[in-house]
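Using the sequences and the hints given, assemble the complete structure.
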Amino acid sequence: MLEPWKLMCLPPPPVQTTRLNKSIDVKGLEHACDNILRVLSKQYPLHKESALLSRFLYKYDKKFRNDIGYRNIRKTNSTLKKYLQLNLYKDIENFMAVLPKDDEYFPTRQMLEYVLVRIIAFSKIMLRIYVCSKRAAVFYLDRVKRGESHWMSLMPYALLSRMCSLSTVLLHHSTSWYACLYHYLTQLQSKGLKFLPSDYDLPADLDKWLDLKNIDNFGRFNWSQKKNINAHITMLDIEEHNTFDNILGYISKINEETELKSNETLVLSTVPTTDDGEAVSRDELLLTSAPEIDHGVAISRESLHVQPAAAKMDREAISQESINILNKFQKKISSDFKVTHYFGKVTNQKSLTDFIDKEEMYRNDGDERSLTCHLSFMQWQSLKSSLIKACDALSRSRKVEKKLQKVWKEKCLDCV
Numbered sequence: 001m002l003e004p005w006k007l008m009c010l011p012p013p014p015v016q017t018t019r020l021n022k023s024i025d026v027k028g029l030e031h032a033c034d035n036i037l038r039v040l041s042k043q044y045p046l047h048k049e050s051a052l053l054s055r056f057l058y059k060y061d062k063k064f065r066n067d068i069g070y071r072n073i074r075k076t077n078s079t080l081k082k083y084l085q086l087n088l089y090k091d092i093e094n095f096m097a098v099l100p101k102d103d104e105y106f107p108t109r110q111m112l113e114y115v116l117v118r119i120i121a122f123s124k125i126m127l128r129i130y131v132c133s134k135r136a137a138v139f140y141l142d143r144v145k146r147g148e149s150h151w152m153s154l155m156p157y158a159l160l161s162r163m164c165s166l167s168t169v170l171l172h173h174s175t176s177w178y179a180c181l182y183h184y185l186t187q188l189q190s191k192g193l194k195f196l197p198s199d200y201d202l203p204a205d206l207d208k209w210l211d212l213k214n215i216d217n218f219g220r221f222n223w224s225q226k227k228n229i230n231a232h233i234t235m236l237d238i239e240e241h242n243t244f245d246n247i248l249g250y251i252s253k254i255n256e257e258t259e260l261k262s263n264e265t266l267v268l269s270t271v272p273t274t275d276d277g278e279a280v281s282r283d284e285l286l287l288t289s290a291p292e293i294d295h296g297v298a299i300s301r302e303s304l305h306v307q308p309a310a311a312k313m314d315r316e317a318i319s320q321e322s323i324n325i326l327n328k329f330q331k332k333i334s335s336d337f338k339v340t341h342y343f344g345k346v347t348n349q350k351s352l353t354d355f356i357d358k359e360e361m362y363r364n365d366g367d368e369r370s371l372t373c374h375l376s377f378m379q380w381q382s383l384k385s386s387l388i389k390a391c392d393a394l395s396r397s398r399k400v401e402k403k404l405q406k407v408w409k410e411k412c413l414d415c416v
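Using full-length UniProt numbering, count along the sequence shown one by one with no gaps and you end on 416.
Just so you know, the hints here were simulated from the structure itself, not pulled from any lab data. Here the structure is a predicted model, which is why all the values come from computation and not from measurement. Even for Gly, the Cβ is constructed at its ideal location relative to N, Cα and C. Honestly, I wouldn't trust all of these hints.
As a list, the in silico DMTMM-like pairs of lysine to aspartate or glutamate whose alpha-carbon atoms are at most 25 Å apart [to be verified]:
| hint | residue 1 | residue 2 |
| --- | --- | --- |
| 1 | Lys345 | Asp367 |
| 2 | Lys75 | Glu256 |
| 3 | Lys82 | Glu49 |
| 4 | Lys124 | Glu3 |
| 5 | Lys403 | Asp365 |
| 6 | Lys22 | Glu3 |
| 7 | Lys82 | Asp67 |
| 8 | Lys90 | Glu30 |
| 9 | Lys6 | Asp205 |
| 10 | Lys124 | Glu49 |
| 11 | Lys384 | Asp354 |
| 12 | Lys194 | Asp91 |
| 13 | Lys191 | Asp67 |
| 14 | Lys409 | Glu368 |
| 15 | Lys42 | Asp67 |
| 16 | Lys75 | Glu93 |
Derived Cβ-Cβ restraints for the label pairs, each shown as a range [unchecked claim]:
| hint | residue 1 | residue 2 | range |
| --- | --- | --- | --- |
| 17 | Lys145 | Arg65 | 18 to 24 Å |
| 18 | Leu154 | Glu30 | 42 to 48 Å |
| 19 | Ser54 | Glu410 | 33 to 39 Å |
| 20 | Lys63 | Lys253 | 48 to 54 Å |
And the structure:
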């Protein structure tokens with residue numbers, strides 16, 4: 001059986017009042033309920049962030065649909081929908097309307113138990129929003145650090161940070177509300193059937209039941225691969241000294257160790273003060289100082305006038321290659337002077353149709369004669385539709401040429 005706070009469509013108990021013989025602090029109970037209504041009525045920032053979150057889900061569904069961070073954003077959005085379905089404000093209003101002005105008739109214990117159960121559900125929803133937004137922010141922050149789609153990851157990261165902070169504030173508010181109202185539970189009397197199951201008891205301390213002391217550890221991932229870091233002993237001993245002094249001492253110790261190692265490896269060399277000289281023979285000096293003589297190779301005069309056949313063939317091949325390059329260059333120059341595809345010829349609807357057909361053919365073939373090769377497919381489609389529209393609108397006017405030139409300049413030449 002599910003716990004009562006997990007049921008979103010939990011039916012409320014009947015509205016009844018009982019007469020009490022002992023006095024209860026009615027003003028304190030009214031003040032606690034009024035405080036809850038005042039906080040819940042000022043949740044416009046949370047509703048605004050929820051709307052932005054739903055827009056991000058719609059926009060990033062195709063790009064990040066397989067990303068783990070995006071899946072956690074979807075979990076956050078589904079939890080926010082449950083928050084809107086809860087409507088704790090109306091439940092508190094209904095309970096506050098039964099509170100008497102005198103000290104005779106009070107609402108039943110079942111009604112207060114229903115309010116406490118709804119507060120537990122509210123706190124659980126806020127805790128779920130905190131955990132999911134924190135997990136999603138981890139992945140988007142990693143994308144920002146790596147520069148991968150950082151312009152699309154920075155805005156969701158900022159939004160998740162705000163959602164995390166808002167949910168944390170409301171979570172602490174819910175624990176204080178529960179503590180104030182739980183104090184009056186034993187003072188009210190029950191009437192009719194029991195609201196809660198017989199084997200279920202409301203927690204006395206909601207803060208302890210949610211384990212909010214370890215809230216910083218919520219949302220962390222248990223990675224399968226962990227890196228063990230062996231910290232130095234002096235860095236771990238922070239209780240005896242200040243952290244700043246401890247770091248400085250650690251640095252000075254490292255410097256001392258490096259100086260000792262450098263002194264050990266240093267080898268002292270003695271500088272000679274007297275020159276005793278060395279015995280050298282004259283024959284060794286003559287052999288070492290004599291340069292080598294290049295006597296050359298004898299070549300006849302007839303060999304200079306004879307050209308080898310291989311050298312002659314290489315020179316003929318080089319000359320033929322230069323002639324081919326010159327012919328290609330002349331053909332290119334002649335083709336450049338015979339330009340037949342340019343926008344200046346477009347003056348009416350027929351010439352525009354011929355120009356668009358040629359340009360489509362050149363773009364599809366990847367020809368160098370294409371004038372819009374620097375435009376993307378969508379830009380070319382936009383330019384083509386604008387030219388056809390301008391030509392159709394001014395088909396009977398003399399200003400069609402100027403209008404086409406203006407559209408061509410705005411959507412083609414200015415996009416280079």
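* Asked: Taking each numbered hint in turn, which are not upheld by the structure, reported in ascending numerical order?
  -> Structure breaks hints 2, 5, 6, 13, 15, 16.
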